[in-house]
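**Q** Heads up: the sequence lines are chains U and Z, in that order. In the working numbering, each residue carries its 1-based index in the first sequence increased by 8. In the working numbering, each residue carries its 1-based index in the second sequence increased by 8.
Errors might be hidden in some of the hints.
A pair counts as met if it fits within one copy or between any two copies, since identical chains are not told apart.
[To be verified] Computed list of lysine-lysine pairs in BS3-like fashion (alpha-carbon distance at most 27 Å, straight line):
hint: 1; residue 1: LYS270; residue 2: LYS312
hint: 2; residue 1: LYS47; residue 2: LYS132
hint: 3; residue 1: LYS47; residue 2: LYS270
hint: 4; residue 1: LYS305; residue 2: LYS270
hint: 5; residue 1: LYS132; residue 2: LYS270
hint: 6; residue 1: LYS312; residue 2: LYS132
hint: 7; residue 1: LYS47; residue 2: LYS294
hint: 8; residue 1: LYS165; residue 2: LYS312
hint: 9; residue 1: LYS294; residue 2: LYS165
Calculated from the structure, these hints are not laboratory results.
Number of protein chains: 2
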Amino acid sequence: MTDSLARRCLAGDPRAVARLISLLEDGDRDAYGVLAALKERAGMAQIIGITGPPGAGKSTLTDKMIAEFRARGLTVGVIAVDPSSPFSGGAILGDRLRMQGHATDPGVFIRSLASRGRLGGLSKATAFATRALEAAGYDIVIVETVGVGQSEIDIVKVADTVVLIAVPGLGDDIQAIKAGIMEIGDVFVVNKADRDGADRVVREIRAMLETQAMLQKGRAVAAGPDTLAARNAEILHHGLADMRAETPQPDGERVDLPPVIKTVAETGEGVPELCAEILSRFAADKASGALDERRHKAIVAQLKDLVGWQVAEYFAERERDGRVEALARAVQHRTLDIYSAARELFSALVKGEEP
Amino acid sequence: MTDSLARRCLAGDPRAVARLISLLEDGDRDAYGVLAALKERAGMAQIIGITGPPGAGKSTLTDKMIAEFRARGLTVGVIAVDPSSPFSGGAILGDRLRMQGHATDPGVFIRSLASRGRLGGLSKATAFATRALEAAGYDIVIVETVGVGQSEIDIVKVADTVVLIAVPGLGDDIQAIKAGIMEIGDVFVVNKADRDGADRVVREIRAMLETQAMLQKGRAVAAGPDTLAARNAEILHHGLADMRAETPQPDGERVDLPPVIKTVAETGEGVPELCAEILSRFAADKASGALDERRHKAIVAQLKDLVGWQVAEYFAERERDGRVEALARAVQHRTLDIYSAARELFSALVKGEEP
Chain U
9 MTDSLARRCL AGDPRAVARL ISLLEDGDRD AYGVLAALKE RAGMAQIIGI TGPPGAGKST
69 LTDKMIAEFR ARGLTVGVIA VDPSSPFSGG AILGDRLRMQ GHATDPGVFI RSLASRGRLG
129 GLSKATAFAT RALEAAGYDI VIVETVGVGQ SEIDIVKVAD TVVLIAVPGL GDDIQAIKAG
189 IMEIGDVFVV NKADRDGADR VVREIRAMLE TQAMLQKGRA VAAGPDTLAA RNAEILHHGL
249 ADMRAETPQP DGERVDLPPV IKTVAETGEG VPELCAEILS RFAADKASGA LDERRHKAIV
309 AQLKDLVGWQ VAEYFAERER DGRVEALARA VQHRTLDIYS AARELFSALV KGEEP
Chain Z
9 MTDSLARRCL AGDPRAVARL ISLLEDGDRD AYGVLAALKE RAGMAQIIGI TGPPGAGKST
69 LTDKMIAEFR ARGLTVGVIA VDPSSPFSGG AILGDRLRMQ GHATDPGVFI RSLASRGRLG
129 GLSKATAFAT RALEAAGYDI VIVETVGVGQ SEIDIVKVAD TVVLIAVPGL GDDIQAIKAG
189 IMEIGDVFVV NKADRDGADR VVREIRAMLE TQAMLQKGRA VAAGPDTLAA RNAEILHHGL
249 ADMRAETPQP DGERVDLPPV IKTVAETGEG VPELCAEILS RFAADKASGA LDERRHKAIV
309 AQLKDLVGWQ VAEYFAERER DGRVEALARA VQHRTLDIYS AARELFSALV KGEEP
């Protein structure tokens, strides 16, 4: 099974890829073997993370980006992630239907992921599915996540380029671009840019990026994210006019700030510029070595996650087979101390792995 | 070192206990050995968790409870935990000074813990320090934590009895008693009960406990915490008068709700009743087997934490010694896939443990 599935994935058979992702979602051990067999393609795709608040138009934008990348001759795989949905379906289903325009294009693969309450949850499923699409030879892999909770932060562990989307008029959408989130953005998009207030949102984001760049230059490093958050809150509260006067400008230095691009996803306006920017940033990062450095950090973070998930899985197994139960009872009856019990369990977990 | 420190702890030498807790805080391996040698005392103390919002008067109440337990001939160890402080000091130092009245009493031991940014952080340090005090033979161990973030939830992993403190007039303090928090309380305290609105807070807590008890009886189990949270929000919003009329009362059954006790910590009013309640609940739980069941669950949860901490520690070591670095590089150069790398790391971690 393993060999033929791996071969079919490498050949780009979409049904094989879909099957592999399902197996990975179900935690099938053999599926990990398939992924291992696919390592020759690791790191070949450009992985783009797209995130933003609900209602920012992420799916429509993704849809238009697919068309733009296809027009440039690139194949595209999409993973749509919805951490709020316990089932595949709901909003995701609607989004998938919206992207059905690409249903007959063999150069496009779209897959939704929703939490099934498994260990490691969506982060794990997303990391796995991304690798599977990369192995299947897609030039571009887009991971689209709703900007809630932990998911925006986790996306830096898989994406080479993170696109943060804001829209005017959502009220709290810019507020949602908090210190920690701003830092992960490589390209910023103000979607629905035909609405009132779009230019203001662009200016606010630029002001925040300038502040961030200055702080990172070491002027207030010790103060860190708190200072940045406070500064951003000020920008939002007082508006830009007040800030400009008192914001110290970098003394003659040019800072390379992430671009802020206006789009109207419904009409496709700004999408060619956005895609061009994403591709050229990737090429520049590749040339400068920044991409290698970034991927190295991401691999370390994923290794840590993988080890943690492995341990959590084995612990759950030892709970099912009664080993944890027996050790806990021994601790309770004082025939064993809890630290020795933990160490024994730790060893048992590993022996369980290698029979 | 290990043997003599263990012996001195079992003999109740407070300097030995203080030394052991410091070693445990610093992650000293030998200190775990000392704890293992102390297992004969495991489970001998009653561990009381005290939590509530900042400003609820936890420290003053703890101070008065110490005096009450001492008057009953019981020895008391106290762990004061402040997750918000990166250093021992600040609010905790003030609290310690407040408890200095017991400084010359050999039957009382008080220790503050604050996050030092270590792996496992405060949960780990708290669990360890609690075991150390238990081993030193204190009859009562009080763990006092500020009710912020995760700490109230973690306290059920160490405490036999959880005391939740509210006060009138804080505005959002009752709001802070959310669905998840209500469930962990064994005894509820309305402190500063000489203030206006104390009786209202008592009634609100009782109403929430009734709702919770009904939901737990299965009337709306499927809906779970959300229903409970919604119901609690209603109680807070509309006040009790409206609720009473529409709250379905248990049909003639008496439900054993946790007690809600009014105290004025400054004067000591209500403290004898509170301590009596805590002691009699513990005795009843011991007799009914409920304590055994609760401790069993707590031990399983702690085992899981301990295994997780162990893994995190080894991962950090392998990061320092370059092993993670080398594996990540191999993945990046496609000579290894990330899943095999994770498995290799997992095995390496364990071999590192057993030389």
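**Q** Which of the numbered hints above does this structure break?
**A** 1, 3, 4 and 5
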